[in-house]
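J.: Chain by chain, the residues run as shown.
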Amino acid sequence: MDDEEQSLSLVLFSGTDDKLSAAAVLAVGAAAMGRTVNVFLQYYALDAFRADRIARDHALSPEVTIEQAPSVKNHPGTHWSELFRQAKEVGEVSVHACALSMEMFKLEKNDLDPLVDDVEGVAAFMADATGPMVFI
Amino acid sequence: MITVQPSKTIDARGMACPGPLMALIGAIRQGQVGDVIEVWSSDQGSKTDIRAWVTKAKHELVSVTDETGYTRFTVRKAR
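Protein chains in written order, with my numbering: chain L, 1 to 136; chain B, 1 to 79.
If you're looking for bench data, these hints aren't it; they were derived computationally from the structure. Take the hints with a grain of salt, since some may be wrong.
Unchecked claim - Partial pick of chain L residues on the chain B-facing surface, computed with a CB cut under 7 Å:
id : residue
1  : Gly-29
2  : Ala-32
3  : Met-33
4  : Val-72
5  : Pro-76
6  : Gly-77
7  : Thr-78
8  : Gln-86
9  : Val-90
Claimed, not checked - Examples of chain B residues toward chain L, derived with CB under 10 Å:
id : residue
10 : Ile-10
11 : Gly-14
12 : Met-15
13 : Ala-16
14 : Gly-19
15 : Met-22
16 : Gly-26
17 : Ala-27
18 : Lys-47
19 : Lys-56
20 : Glu-60
21 : Tyr-70
For every residue, glycine included, the Cβ atom is placed at its ideal position computed from N, Cα and C.
For reference, chain B alone in the conformation it holds in the complex:
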């Protein structure tokens, strides 16, 4: 398994929907193409929203990993 080192990790656990997504969008906008952003979220909406936004905004969802009590989303800024 290839592990991708994130350029930035956002701990958005405890934030309500759509907080974690908005935090991700902010980080992607500030980042450089190729940057990998990791978001930790305990919000259920993130599971559908982050995937939907990443597809729509044409970035890359590298991985989604379930941890205890939260999910780690790894996203690469593609453009």
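Just chain L, same shape as in the assembly:
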């Protein structure tokens, strides 16, 4: 297996707790299995990583039905921010904030949770994200 297959890039766009949880599970699993994980935060996902908002309720995706919502909300899983922390602990995981989205929401690096390593333009992210890429 070459280095490209050993990495996983996650582009996070959605800022709802269900999608962020699904992404965090992928990140922690990939990191545990020895893959390098590159995370790029855009739009609402970036906003969800604000230090003052990361722990609050980010609601669920529009596609959730009334019947499904209680199952998702009551599931005793670990919070996605904690899963990302675990991913960084067990593996090589870098989290990059999209420069465009930073500007859109008038954010500075200090406004973000320490999980976020740096602010990057899309080309810099693509330079590292050479393997498979998932968009959530």
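Please arrange chain B on chain L, whose structure you already have, making use of the hints.
T.: Frame of chain L; chain B shown alone:
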């Protein structure tokens, strides 16, 4: 049958995927080579994940035992 006495037992029953695996990884990292860690998990994902991780991380899956409502995984830290 040889019974291996675990150095540590983690009761991860009720934890959602990938919680039990992450608990195992934490214990393996803190342990010494040769330590035997037992994890109790009721999460279905553990059945595939613990085996996959132990193989990848080059430790040893000593035994997998089905109990009522959960599974006991015994892992030896090999390196």
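J.: Would you mind marking each hint as holding or not holding in the structure?
T.: Hint-by-hint comparison with the structure:
1. Because the closest C-beta pair between Gly-29/L and chain B is about 6 Å apart, less than 7 Å, the hint holds.
2. A distance limit of 7 Å between C-beta atoms decides the matter here; for Ala-32/L the minimum to chain B is near 6 Å, and the interface restraint holds.
3. Proximity of Met-33/L to chain B holds as hinted, the smallest CB-CB distance being about 5 Å (cut-off 7 Å).
4. Interface hint at Val-72/L: violated, since its Cβ lies 12 Å from the closest Cβ of chain B, which is beyond the 7 Å cut-off.
5. Of the supplied interface hints, the one on Pro-76/L holds, with its beta-carbon coming within about 6 Å of a beta-carbon of chain B, less than 7 Å.
6. Residue-level restraint check for Gly-77/L holds (minimum Cβ-Cβ distance to chain B is 4 Å; threshold 7 Å).
7. Because the beta carbon of Thr-78/L sits about 6 Å from the nearest beta carbon in chain B, less than 7 Å, this interface hint is met.
8. A distance limit of 7 Å between C-beta atoms decides the matter here; for Gln-86/L the minimum to chain B is near 5 Å, and the interface restraint holds.
9. Of the supplied interface hints, the one on Val-90/L holds, with its beta-carbon coming within about 6 Å of a beta-carbon of chain B, less than 7 Å.
10. At a threshold of 10 Å, the smallest CB-CB gap from Ile-10/B to chain L is about 15 Å, leaving the interface hint violated.
11. Taken as an interface hint, Gly-14/B checks out: its beta carbon lies about 7 Å from the nearest beta carbon of chain L, inside 10 Å.
12. At its closest, the beta carbon of Met-15/B sits 8 Å from a beta carbon of chain L; the interface hint therefore holds under the 10 Å criterion.
13. The interface hint given for Ala-16/B is met, as the beta carbon of that residue sits about 4 Å from the closest beta carbon of chain L, less than 10 Å.
14. Taking 10 Å as the C-beta contact cut-off toward chain L, the hint placing Gly-19/B at the interface holds, the least distance being around 6 Å.
15. Hint status for Met-22/B: holds, given a least beta-carbon distance of 5 Å to chain L, under 10 Å.
16. Evaluation of the Gly-26/B hint against chain L yields a held restraint, the C-beta minimum of about 8 Å falling below 10 Å.
17. Among the interface hints, the one on Ala-27/B is violated; its C-beta lies about 12 Å from the nearest C-beta in chain L, farther than the 10 Å criterion.
18. The beta carbon of Lys-47/B comes no nearer than 15 Å to any beta carbon in chain L, farther than 10 Å, and the hint placing it at the interface is violated.
19. Here the hint on Lys-56/B is kept, as its CB sits about 5 Å from the closest CB of chain L, short of 10 Å.
20. Evaluation of the Glu-60/B hint against chain L yields a violated restraint, the C-beta minimum of about 17 Å exceeding 10 Å.
21. Proximity of Tyr-70/B to chain L is violated relative to the hint, the smallest CB-CB distance being about 15 Å (cut-off 10 Å).
Hints 4, 10, 17, 18, 20, 21, counting from the list given before, are not met by this structure.
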